[in-house]
Amino acid sequence: MNANLMLKVNKISKQFPVYRRTVFKKKIGALNVLNSVSFDIVKGETLGLVGESGCGKTTVCRTIMQLEPLTAGEIFFKGERLSMLTKKELRQVRRHMQIIYQDPFGSLNPRMKVLDIIGEPLMIHKITSSKGEYKDMVADLMMMVGLNPLMSSRYPHEFSSGQRQRISIARAIAVKPDFLICDEPVSALDVSIQAQIINLLEEIKDKFSLTYLFVAHDLAVVHHVSSRIAVMYRGEIVEIADKDNLCRNPKHPYTKALLSAIPVPDPKERYKDEHALLRGENNDLLDVPSGCRFYPRCPFAMSLCYQKRPVLNKGNHHEHLTACHLHQES
Amino acid sequence: MKNRIFIVGLIIILGFLAIAAIAPQIVPCDPEAQDLYHVLEGPSRQHLLGTDDVGRDLLSRVIMGTRPTLFIGVTATFLSSVIGVLMGLIAGYKGGFIDMFIMRLTDTFMCMPVLIVVLALVAVLGPGIKSVIMAITFINWTSFARIVRGEVLFARELPYVEAARAMGASGLRIIFFHLLPNVTAPVIVTASIAISGNIMLESAVSFLGLGAQPPTSTWGNELRIGYSYLEIAPLFSLVPGALITLSVLAFNFIGDGLRDTFDPRLSNTLLNKNVKKSEVK
Amino acid sequence: MLLKVLNLCTYYQTGSSYVRAVDDISFELAKGETLGVVGESGCGKTAAALSLMRLIPSPGRIVSGKILFEGKDITALSIKELLSIRGDQIAMIFQDPMTALNPVLSIGEQLVEPFMIHRRLSRKVAIPLCIELLNKVRIPDAGSRMKSYPHELSGGMRQRVMIAMALALNPKIIIADEPTTALDVSIQAELLELLKNITREQNASLMLITHNLGIVARYADRVMIMYAGRIVEKAFTLNLYQTPLHPYTKGLLDSVPRLNQNNNKKLTPIKGQPPDLANLPQGCAFYERCTLKEARCKAKAPTLKKFTCDHEVACWLKEEGK
Chain A
7 MNANLMLKVN KISKQFPVYR RTVFKKKIGA LNVLNSVSFD IVKGETLGLV GESGCGKTTV
67 CRTIMQLEPL TAGEIFFKGE RLSMLTKKEL RQVRRHMQII YQDPFGSLNP RMKVLDIIGE
127 PLMIHKITSS KGEYKDMVAD LMMMVGLNPL MSSRYPHEFS SGQRQRISIA RAIAVKPDFL
187 ICDEPVSALD VSIQAQIINL LEEIKDKFSL TYLFVAHDLA VVHHVSSRIA VMYRGEIVEI
247 ADKDNLCRNP KHPYTKALLS AIPVPDPKER YKDEHALLRG ENNDLLDVPS GCRFYPRCPF
307 AMSLCYQKRP VLNKGNHHEH LTACHLHQES
Chain B
43 MKNRIFIVGL IIILGFLAIA AIAPQIVPCD PEAQDLYHVL EGPSRQHLLG TDDVGRDLLS
103 RVIMGTRPTL FIGVTATFLS SVIGVLMGLI AGYKGGFIDM FIMRLTDTFM CMPVLIVVLA
163 LVAVLGPGIK SVIMAITFIN WTSFARIVRG EVLFARELPY VEAARAMGAS GLRIIFFHLL
223 PNVTAPVIVT ASIAISGNIM LESAVSFLGL GAQPPTSTWG NELRIGYSYL EIAPLFSLVP
283 GALITLSVLA FNFIGDGLRD TFDPRLSNTL LNKNVKKSEV K
Chain C
6 MLLKVLNLCT YYQTGSSYVR AVDDISFELA KGETLGVVGE SGCGKTAAAL SLMRLIPSPG
66 RIVSGKILFE GKDITALSIK ELLSIRGDQI AMIFQDPMTA LNPVLSIGEQ LVEPFMIHRR
126 LSRKVAIPLC IELLNKVRIP DAGSRMKSYP HELSGGMRQR VMIAMALALN PKIIIADEPT
186 TALDVSIQAE LLELLKNITR EQNASLMLIT HNLGIVARYA DRVMIMYAGR IVEKAFTLNL
246 YQTPLHPYTK GLLDSVPRLN QNNNKKLTPI KGQPPDLANL PQGCAFYERC TLKEARCKAK
306 APTLKKFTCD HEVACWLKEE GK
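Residue numbers (the working numbering), protein chains in the order written: chain A, 7 to 336; chain B, 43 to 323; chain C, 6 to 327.
Bound-form chain A, shown alone (with noise of 0.2 Å):
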């Protein structure tokens, strides 16, 4: 395997079990939330992934951290393959693979004070005894994300938003880490404090040189981070490729929609494109076409299209690919 390798996503598929709950629990079906999903994650690159709400895009990160069983498919990390580890072994990996997440309320004990919210994975891995030290150690991290030192013995419902998410960025780099998945990191932020998150990643990545996976749904935010893109629907990547390629030369029907769909902030461009507004929503989840899963949404939808299910080209990881019947190769 490629010793460059950070991530290697080989075939992942998550299935949840639906119920019907009469007197006896009755299993009427499973939700595909991912389909036989393959990435790779090369050494200090920042992989974007985009999708809108629902598209399973939480459940990779969380599936990546082993927060959540796969149902098929593996996860190499650094080539190791994250299943047959054993706990203690996971707990070692853990160390070089964090997360960031969206929510700056939710993931921050609200009991615990920041020193000790930003100290816990040092306690956890051991990384220092000494009490001293370890105030050091997190005064540093507080210095590194743009907070004060004299703060940490506040707690986190008396930091703004904007300040949380910098602890929870001190928390996951306490450990230097190689990897970090930003789930949404910046979401739930005004624009005006968005624009320092974003600084604030890119600063720590140069810094540790550090490997992303940054998950978001605002294509622009995406954009504007990654090396390369990998857009989502449905549970499946219909499109990857390096950013520009992606953005100025999308293939895929759904990527051109999203793009076109992002309002720009220039009064300009207001009349410039020509809106390839999608119609309908894809809120049955249960209800899945046999065929691609965009076709009863796709403008350019062919018979071939209901019939058959498009795959992702393999290939090398720098190829733009897409998959849509109407960019496949052969």
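Just so you know, the hints here were simulated from the structure itself, not pulled from any lab data.
Misleading hints may appear alongside valid ones.
What the hints assert, rightly or not - FRET-style restraints, in silico, Cβ to Cβ:
hint : chain 1 : residue 1 : chain 2 : residue 2 : range
1    : C       : 281       : B       : 304       : 22 to 30 Å
2    : A       : 22        : B       : 143       : 19 to 27 Å
3    : C       : 202       : A       : 75        : 27 to 35 Å
4    : A       : 11        : C       : 207       : 36 to 44 Å
Unchecked claim - To give an idea of the chain C side of the interface with chain A (calculated C-beta under 8 Å), a few residues:
hint : residue
5    : 45
6    : 46
7    : 191
8    : 216
9    : 256
10   : 261
11   : 263
12   : 272
13   : 278
14   : 284
Just so it is clear, CB atoms sit at the ideal spot from N, CA and C, and this is done for glycine as well.
Here the structure of chain A is known, so what remains is to put chains B and C in place on it, guided by the hints.
Okay, now just chains B and C, sitting in the frame of chain A:
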């Protein structure tokens, strides 16, 4: 308003505790000294509340009776909360079969008539303070287990608990660092109300003659003996009865007050709105 | 002028201190125009919108100022007169359609309500009107949807129902408070397009409250930017985006990542945090975060003044048309 009630309850309980602590020092007479020439007397200068059926000073008896009554009520509640919290934490965190087993166990316990089970247990273990505590604990832990399990099921899904898991925290650490603090508030509220129930239970057991054995005085004991002389010496049963009522009421006041403080829905409305708004975003 | 707001102040009183949610704002809304109101959370934009209908929840209240709707001062109306305006002349669309719809009533029952209250129509007469409305907001299979309950609909569908409800009586003003924030981008675009077309059709005025500068750029005729309870800049959309005057507006525009931007260009965020409305500093509320601050900014808060004939700004550095 609620806060005032809480303070009243607190003052009463602190008063009882203070009396219990220094009971031997403040009793006007020896509570066990009999005086068969003065039985079942009304209040007098020498015996402020009168005397009982063997001429002991009633005031001294009820003051001493504060000790076993409060001791049993508090200890039994403490023990049952410890057991209940542990069971609830395990059930809520582990889930699956263990959860089902513990919960069905609590169901079984809740079906049993409390007083009868306690009486049966005390009868088996032999009357006495220790058996009463054990019997009450045995039947009482289930309510704590249920409450804690419910809170844990909720707290387990909180993002910060998941964040701790992702960090590599062990199960024990998550249970004691992240989940336990979440359940303390409801446990304290339940406990303060449970104490009042347990005082009642203890009094009932003593009333039926299976509690602390004579010559130890408990309010329930006094009530039982005084009950037979209700017409001759009404204070003999009324005073311990009133004290039981007062302590039960006071613990309930405290429980209510605590619940109001811990319940976020009743706190400052404006603050609450702000929180909700930011949560939505 | 359809709506004219003069020196409106809405404060929340907590104990002895005031939270100045809306502090001395004045603006106008012409017939048929779309006014964008932009600001971050807690800047008072929602409080301003609620004040217009006197829906401020206690302990907040309108302290001073006038809201002239077709010449009548809303702040001085009796409850009865107020109720005849609410929902009939001025309608509101809320951010969260799940909580704004009653979960135990079917869509149909909630839709007929405005007709029955304001037009005194019978249920029988109102139902076909409601179905027509649902068709108008492009809800498929409108007739059977009338019997659905809110939880049976997706977020986008619920927001369509909210729009239908707001439009029911052809109001003159529609206030949309973050109407699409809870929705996905593709649905957001379709809904805003719909809202724009329908308001244009009915010649209604739209007050579009949002934190998204892109939405305003695409849909608003005029924009006002709010910060810490005050309006800091007010202009025609094109002017505002081309020549933003207030440092806060500039900062906001620089903070947004753009797709057409050159690669690897760093964002320039506004430093610091928004101020606490309960104890605002003296002088300009933006002082601490401003890059161009001067001594006089701290001394006295600037007021909204005309910079060019239709571009107003509240900044000491942009006084007297320089």
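Right, here's what the structure says about each hint:
no., hint, result
1, 281(C) - 304(B): 22 to 30 Å, "27 Å, holds"
2, 22(A) - 143(B): 19 to 27 Å, "25 Å, holds"
3, 202(C) - 75(A): 27 to 35 Å, "47 Å, violated"
4, 11(A) - 207(C): 36 to 44 Å, "58 Å, violated"
5, 45, "4 Å, holds"
6, 46, "6 Å, holds"
7, 191, "4 Å, holds"
8, 216, "6 Å, holds"
9, 256, "6 Å, holds"
10, 261, "5 Å, holds"
11, 263, "6 Å, holds"
12, 272, "4 Å, holds"
13, 278, "5 Å, holds"
14, 284, "15 Å, violated"
Hint violations for this structure: numbers 3, 4, 14, all remaining hints satisfied.
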